[in-house]
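*Asks:* Chain residues, written in single-letter form:
Protein chains: 2
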Amino acid sequence: MYGDRVRNPALLDRIVCADDAAMLIRDGMTVGMSGFTRAGEAKAVPMALAARARQSPLSITLITGASLGNDLDKTLAEAHVLARRLPFQSDPALRKAINAGEVMFVDQHLSETVELLRTRQLGPIDVAVIEAVAITEQGGIVPTTSVGNSATFSILAEKVIIEINLSQSDMLEGLHDIYIPTHRPTRMPIPVVAPESRVGLPFIPIDPDKIAAIVITEKLDSSSTILPPDDETRAIAGHLSEFLEHEVKAGRLTNSLQPLQAGIGTIANAVLHGLIETPFHNLKMYSEVLQDSTFDLFDAGKLDFASGSSITLSAEKYRSVMPDFARYKSRLILRPQEISNHPEVVRRLGIICINTALEFDLYGNVNSTHVAGTQMMNGIGGSGDFARNGYLSIFVTKATAKDGRISSVVPMASHVDHNEHDVDILVTEFGLADLRGLAPRERAPLIIANCAHPDYRDELADYFRRAVARGGHTPHVLEEALSWHVRLKETGSMR
Amino acid sequence: MYGDRVRNPALLDRIVCADDAAMLIRDGMTVGMSGFTRAGEAKAVPMALAARARQSPLSITLITGASLGNDLDKTLAEAHVLARRLPFQSDPALRKAINAGEVMFVDQHLSETVELLRTRQLGPIDVAVIEAVAITEQGGIVPTTSVGNSATFSILAEKVIIEINLSQSDMLEGLHDIYIPTHRPTRMPIPVVAPESRVGLPFIPIDPDKIAAIVITEKLDSSSTILPPDDETRAIAGHLSEFLEHEVKAGRLTNSLQPLQAGIGTIANAVLHGLIETPFHNLKMYSEVLQDSTFDLFDAGKLDFASGSSITLSAEKYRSVMPDFARYKSRLILRPQEISNHPEVVRRLGIICINTALEFDLYGNVNSTHVAGTQMMNGIGGSGDFARNGYLSIFVTKATAKDGRISSVVPMASHVDHNEHDVDILVTEFGLADLRGLAPRERAPLIIANCAHPDYRDELADYFRRAVARGGHTPHVLEEALSWHVRLKETGSMR
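Line by line, the protein sequences are chains A and B.
The numbering used here applies: residue 1 is where the first sequence begins, and numbers increase by one.
The numbering used here applies: residue 1 is where the second sequence begins, and numbers increase by one.
There could be a bad hint or two in this list.
[As the list claims (entries may be wrong)] Distance ranges between label pairs, derived from CB positions:
hint : chain 1 : residue 1 : chain 2 : residue 2 : range
1    : B       : VAL199    : A       : HIS80     : 24 to 34 Å
2    : B       : LYS489    : A       : ASP455    : 43 to 53 Å
3    : A       : ALA100    : B       : ALA461    : 53 to 63 Å
4    : B       : GLU102    : A       : LYS249    : 46 to 56 Å
5    : A       : LEU12     : B       : PRO279    : 47 to 57 Å
[As the list claims (entries may be wrong)] Listing some non-contacts, in silico: residues in chain A with all C-beta distances to chain B over 10 Å:
hint : residue
6    : ASP27
7    : ASP71
8    : ASP107
9    : GLY140
10   : LYS159
11   : ASP296
12   : LYS329
13   : ARG470
Rather than coming from a laboratory, the hints here were simulated on the basis of the structure.
Heads up, the beta-carbon is just placed ideally off N, CA and C, and yes, glycines get one too.
The following block holds chain A by itself, in its conformation from the complex (with noise of 0.2 Å):
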């Protein structure tokens, strides 16, 4: 029984349940978890670390490749089994608990968070909990829907429990691409010179000997949550194309564009689709997160290849893309998020990166991550390994919310996640602002008449018109810079 998952023989007594599994989780760990935007979390061992925390109290430090499905972070926030919790998260359960203080997050750039456990300036990770397709004859680990930051989890955790999901096609076999890079000063470039490079191995290395459990589960992952499109974000899809095919017209760029990045979400996801509709073709995608939209324009026949670090789907996809895998297996790698996301890789072939801002200010300084400048909203995930070292890096959002009395276009941004150096190109359901190659004063007006909601724009032209008679580089006027902030907290309303 088994035998076709878990290859080697001498692994197959270490199968226990569950709960035995996540007894050798201790209060005070370190424990890295399997897991990218809702794709491939370990499942059954964290759901009963926190049905034993609810008996006897215990808290962990957690890092995961990004944020979990299956309302694990949920469960374990109110079971209070996370004291630390890194590198990212999208759970408003969680959120909440981070926003009281109650859990310690640390919010890094994706592709960071193994080089500072590999030196040892984070951690070390007592156990890994890791899903997996199957454990090679080898011990090798098959990672399932996402690599996220598992490889690099399972090569320094003491301890490794793997939990074979019965439920996650043995078709993913053969689609990872595990390559881990050497130790600094004397490393070796990454050979990675295209998305469909393949570079590395098919599971991930390790010592048989380290795997100390073996769950076996059944579990799904969680549907993605994006919305389909709507004539917001088909309109900001349109800006974005109309931008893009005068690029193409100005000879800087081709019909093939130059690989594509897009955040995980419902707008980026819309902005992807909206490809489909254009004369772009042949193209290539080396993102982070595999959304629908990928295979819409695998199925349009727009897409050549796509490389991420994990496949998260709606259940309508899901259901009509699983079963037809063999279609798609040979166009798609998924990498560890290191590789999926490192500056190096996004440099050299020349990401045109697009990312989803929560505000954004007058001068394109970008917010991605915190409400009013306090409260965290998910995290800054890729988006900052992307912006900084890609070709192009544009920001998408509506141009309000909550039901307008948000604006997403604010004198100063309350938190500034990318700032003016990293942010070429905005867009919201208006229009879209190029500002590259424009100084801050040339940079405001073009946002104010292109990006913001018109009835935010009067004001914004007051607060610019004003800021520009005090001078400066950035004209602002500090005391009301914050002020649209400080009234939607007083009343609820930027207006």
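Position chain B against the provided structure of chain A, taking the given hints into account.
*Replies:* Chain B in isolation, oriented as in the chain A frame:
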């Protein structure tokens, strides 16, 4: 005459006076000039251009490597030659014109400008003006004390003017390593795997037919303006050395550390100089500008190799180093700033990055550029290339400025060049805050206790306490967040 410096005989008849060469530059053109941190800038042609503009107005877009010496930015700004200036400057007169909105300044990561030019997102370059030691038989340009962006300017420009500077030692020939990354998306890895990697040519290869004029000059580079170490910079150096020794004891670093980068200026120079008094040895630098401290470390037997994009020395150090240059030359390389600052190489080598902050906030967000959020000082320079991608990102500053009237530690940074995600270590003369692995709420008490001036600690702690009472991952009292800067503007002091 000049045959040893202009070795292609066909070019000798292109030698003209600076006024004639400057006539190649016409109103509205985009001009690329050599020069990086006051080293190796073209000297005669820009002066001739300014003289002409005083008679007959003209203005250009001027792109350089970084800051220019010999008061060139001042002279050009005062003659109203500069409509647009990028990617860095450090001149008081130009700064004034930028802050008055007279010159459109585009503040860029120093590794990025040539990527934008090469992909025609900026430019085209009409004329390049490059200072050289010599022109080879094949028309190759041998730069002087900096490489900066000179190679790409020369390759892309329609016409090239060469200033052969007879005062620049012919010993400089062979020092440079000119490597130009290939076109994207088919770019190959940059083969630099160590500070001492030589991967290119010792000259800039261009078609000699593009050399439209040659001007003979004799003016020296300006001396650096760094001040000698004082009690405060010595204290900063001491705290940092102690921290690095602690990292060695913890087994995270060896006594050879990792390759070092240090920003331009007095504090970074003093910090490097301070390494003379430590047990570290066999150090290497992979930096932008090589200042006095590089040669002090060579002389102390501490440094094995230094790679940079320019050499900028004090008058005294220049007098001791240059006559004896043969003693250093085999341990030095000057590279294009794209390569000295390249994210790919910075990440690969695992650089320890030491840069200067103007101010930072309770959560570790760093302002490198804007006084009170609005007035441009110099520009971000290479700090963003290094801070995001290095092994350790360290920012140093004195805890106060203007006789204590300005605190460098503020509730909220008034402009963010390096955000919490990119800042590992903060150091002032009072101490060091190690922010690695800490959430914002954990960072603030450490920064207040270790880095702030005692006169400001109570008020910072009070702000933090009241902010925490309001909640949030990054707590703030939004209506007070910039009040210290407002107070400074109104009263001349943050007290």
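*Asks:* Any Cβ of chain B at or closer than 10 Å to A/ASP107, or is the non-interface label fine?
*Replies:* violated, 7 Å
*Asks:* Are all C-beta atoms of chain B more than 10 Å from that of A/LYS159?
*Replies:* Fine: 22 Å to the nearest Cβ keeps A/LYS159 off the interface.
*Asks:* Taking C-beta pairs only, is A/ARG470 more than 10 Å away from all of chain B?
*Replies:* Given that some Cβ of chain B is not farther than 10 Å from that of A/ARG470, nearest at about 7 Å, it is violated.
*Asks:* A cut-off of 10 Å on Cβ-Cβ distance, and A/ASP71 was said to be off the interface with chain B. Does that hold?
*Replies:* holds, 21 Å
*Asks:* Confirm or reject the statement that A/ASP296 sits farther than 10 Å, beta carbon to beta carbon, from all of chain B.
*Replies:* Its Cβ never comes within 10 Å of chain B, the nearest being 22 Å, so this holds.
*Asks:* Hey, is A/LYS329 genuinely clear of chain B, shortest beta carbon separation above 10 Å?
*Replies:* holds, 23 Å
*Asks:* State, for the Cβ atoms of A/ALA100 and B/ALA461, whether the hinted interval 53 to 63 Å holds or is violated.
*Replies:* violated, 21 Å
*Asks:* Would you check whether the claim that A/GLY140 is not at the interface survives, using Cβ distances to chain B and the 10 Å cut-off?
*Replies:* Holds: least Cβ distance 27 Å, greater than 10 Å.
*Asks:* Hint says 24 to 34 Å; check whether the CB-CB distance for B/VAL199 and A/HIS80 agrees.
*Replies:* violated, 54 Å
*Asks:* Please test the hint of 46 to 56 Å on the beta carbon pair from B/GLU102 and A/LYS249.
*Replies:* violated, 34 Å
*Asks:* Find the nearest Cβ of chain B to the Cβ of A/ASP27 and say whether that gap is larger than 10 Å.
*Replies:* holds, 19 Å
*Asks:* Look at the Cβ atoms of B/LYS489 and A/ASP455 and judge whether their distance stays inside 43 to 53 Å.
*Replies:* violated, 31 Å
In this structure, the earlier hints numbered 1, 2, 3, 4, 8, 13 are contradicted, and the remaining ones agree with it.
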